[in-house]
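Peer 1: Using the sequences and the accompanying hints, generate a full structural model.
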Amino acid sequence: MAVSRRVIGRLRRLVGKARLEEELDAELREFLHTAVEEKLRNGLSRERAVRAARMELGSIEAVKDRVRDIGWESVLGSVWQDAHYAARVLRKSPGFAAAALLTIALGVGGTAAVFSVVYGVLLRPLPYSEPDRLVRLWELHPGANAPLGGTLLSQPTYHAWSRASGSLQAIGGFRVSDYTVTGFGAAQRVRGTRVTPSLFGVLGVSPALGRFFTDTDAQSGSAPVVVLAYATWRDQFGADPVAIGKTVTIDNLDHRIIGVAPSGFAFPGPGGWSDSPRASTLYTPLVLPEMVPGANVIGLVDAVARLAPGATIAQAEAEGTAYARSVARPGADLVFGSGGPVAVRVRSMANQMTMTVRPALVVLAAGIGLVLLIACANVANLFLSRGMDRARELAVRASLGAGRGRLLRQLLTEGFVIALVGGALGGFVGWALTSAVAALAPSGFPRLEDIHVDAWFLGAAALAAVFVGTVSGVLPAARASRVDLNIMMNAGGDRSVGTSGGRVRRILLVVEAALAVVLVIGATLLGRSFIRLLQVDAGYDAAKVLTADLYVIGATDNGKRNSQLAVSTIERLRAMPGVRVAGAGNMVPFGGVLSSTSFDLPGMAAPDGRPVVARALRAVVTPGYAEALGMRLQEGRFFRPEDTTSAIHPLLVNDVFATTYFADGRPVIGRRFVGLFPRMLGRTDAVFDVVGVVKNVLLELDAPPQPHIYLVHGGGIDMGRAALVVKTEGDPVVVASLVRGIVRQLEPGAALDRLGPLADKVSSSVGQPRFAAFVLITFSSLALVLAATGLYGVLSYNVAQRRREISVRAALGATSGQLVRMVLREGFAVTATGLMAGVAVSALSMRAISSVLFGVTPLDTVAFFVGPFLLSVVAGAACIIPARRAARVDPATALKAE
Amino acid sequence: MPAEEKPSSVVQGTLHMLILKTLALEPMHGYGIGVRLEQISKGVFQVNAGSLFPALRRLERDRLITGQWRVTENNRRAKYYTLTTLGRTRLKNETRDWQLQTTAIARILQASLGEL
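Each protein sequence line maps, in turn, to chains A and C. So in the numbering used here, spot 873 of the first sequence is number 873, and the numbers just go up one at a time. When you read off a place in the second sequence, starting at 1, and then add 898, the result is the number in the numbering used here.
Some clues are possibly wrong.
Stated by the list, open to error - Calculated cross-link-like contacts (lysine to any residue; reagent style SDA-like; alpha-carbon spacing at most 20 Å): (1) A:Lys39 <-> A:Arg54; (2) C:Lys977 <-> A:Glu23; (3) C:Lys977 <-> A:Glu22; (4) A:Lys64 <-> A:Glu22; (5) A:Lys39 <-> C:Lys940; (6) A:Lys39 <-> C:Ile938; (7) C:Lys977 <-> A:Arg68; (8) C:Lys990 <-> C:Arg975; (9) C:Lys977 <-> A:Leu57; (10) A:Lys544 <-> A:Glu571.
No lab work stands behind these hints, which were simulated from the structure alone.
Peer 2: Here it is in structure tokens:
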């Protein structure tokens, strides 16, 4: 009680400082007045009385000063005074202040921005209740190369586990799917998720309106129902509750709307585990039927679960593995590959979601960490140099009675003032950078909506500023406060003092140079990866190509109808102006669908006499597809229009297929296979002739080429799903509306999806590497500039400090060339040491980013050349000005000036 | 008591005690305290403003005395200091300590070999 009252009293006094000051004034005035009166009474003349009283009182200012010094509240007061003083000092040296403030603003701003991103994406809890208990579950056969990859749980395991589980509180399944919705205006494809009724419960969300699914909804044969995402409800129904109970036509079935998911809820969320950046707009029940006995294909599901309170991931894995081993899993090897006995993996959902960008973000964080360190080193260096300059001022203050603590406090305050102002500027820089990052980030970047400037961001900025303030303030302050009065005062104009400080500054410079080299090498690696990715020969020409997926709904045989619609569409398109070639196929680059198949190659035998089984991507395309994509022939020919009706099916194979399966030296063209694909064609006497070999087409840029065959559409071979490929004369965007019009005319219920230039799809596929490369290149440029500034500052300072020595040398006959070399040697010594340290650190650490590299090794020669080279150039440029200044020193003036 | 107090012309550490004693007699303003100390000590102690005001501020801070603006006998305003209960206790303790010490010091100074 008493203590708090005292504290409050003191604070009030501190706040009411002006009032206190006034009171003291009045008191002293009164003191003087009374003293004068007294003297007058004793018979002195007024004039002498006043003088005597004044002498007794002494200097009023001194008295006030001593009174002010009482109590700890004066410490705060003097800090305020220091801050004032610091601000004045900084105003007087605008160059220094600007350099320091800019450095801090960039360092702090960058750190805060990166922190916002890293926090938003990696650290901010998922928008579900108690997200740290949410896990993903999947099966694997240890050691197997799973053909489907991915993270899937088999349905037998799912059912067994969800019936009784000790370690999981609830388990849910989902499947991301695309729907054709005809309820809202023109038919459109939308992304949605089919979910088991348990899933919303697992995530711990309640509907904003209506209800979620019940087990009855998920029984096959029950009336179709749908839950809308909040945004869909808002956009299509104006957030009107009347939507509940209405019907929407989804995949040509009327679905009754039973509920609306809460605002901000999206599952799996954009970019999370799915190939598309699109968020789910609706949810339908997922039916997971029990396996029919005797079935030979295993059902699969994406599974999430909520751990029971207190249960660990290891317990859940053990339990899941036991269940997976207790159930029949027919055909599991087809999905999971053959390897060790089945095991179940359980991993935190947040980790799984951000797995793809984690390496890039770690690189980003490491990069900005290095930049911040360089910034600190630079500011510390600036302060050190100034500390040397101010040594005399400090010595004077010390000799006038300022204690060491007092001097230290003043220097630290100056550091903090700079850090705070710089930090405030950095806040703005960071805010701008955060917005830029959110704008630049590639589509499909998970949790982009979770990146924003908030209290965490400001906290990060404040911490970074305090960090810079402390690091850059403490060292120079400790050094500067250790002034030896005698040396300082006697040294007078001879400013040779403090050369020992030169070592610290040089070490800081070496560190800066090393960090900059590490950053430049990292940036070069990422930049080269990105360029490599762009330079990949994808086997097609994306320029002026338009692609779109086509979906017919409402027919029982969608595949056939899709093919027919695609064929009619391209026929109409070919007659249109502005269209060069049009084709269609079931697989296009970045179409997201790969259909792989295994088949016997009749008539060919492996060395052991068994028939050769080929495994390849099998595309069904129309004539014109290859021409529209700009595919290249190795030999032979592409498909011709008459091929679609020919009795003999022509076959195109790619480079990899030819070298893998036709490596016996016989010519590839003209090879004939009878009875290929009996299941697809329903007969065993179909004749296939290889008519051409094409360059490998990469459907995804960063995947290695696979064996790939092309069949022509027709004669019993359907495309199934169809994507249009149109090569245009001019801008493909112009033709897009043409395509839309034709399709609407031919089939009003058909939906076009992902209609757009292929070049855009290529470009967004490299969004993430471009983003990483862009960010790191920015950081490393920043680092180079900072390192150069640091080097320049220190060398200039050294030259200024050594003017006398230099002029003596000049007077004694040193040529200007010798003087330049002298200064350069000093700069190069520092740079070279930093270079070597940086290269060594890079060699050890670049392996850490190998997962984000493409086509370059972590020890890429070019990068390890570019890094040191760039730093040398920048360092050379930073040294040359001070060196020339040294050469221009005029011995006569310099010596006279001293 | 903070260690940095150095009343110049008074025995070290006693200025506070003397001020407290003066105020124990009657509330008084700054100038009055100085004059009263000089009077009572018959001119032995002269307290200058540079020592007096910091001491007053310290005592006030430690809540041993409180200041109050009042009208003086010649109709001017002055800050009168009054002893608080805390100050009274402190004065009693310090007076006792002081007497103990001075007696001891006096004994030491008067000591001769024979008495030991």
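Peer 1: If a hint holds in the structure, say so; if it doesn't, say that too.
Peer 2: Evaluated hints:
no., hint, in the structure
1, A:Lys39 <-> A:Arg54, "holds (11 Å)"
2, C:Lys977 <-> A:Glu23, "holds (9 Å)"
3, C:Lys977 <-> A:Glu22, "holds (12 Å)"
4, A:Lys64 <-> A:Glu22, "holds (11 Å)"
5, A:Lys39 <-> C:Lys940, "holds (18 Å)"
6, A:Lys39 <-> C:Ile938, "holds (19 Å)"
7, C:Lys977 <-> A:Arg68, "holds (17 Å)"
8, C:Lys990 <-> C:Arg975, "violated (31 Å)"
9, C:Lys977 <-> A:Leu57, "holds (17 Å)"
10, A:Lys544 <-> A:Glu571, "holds (19 Å)"
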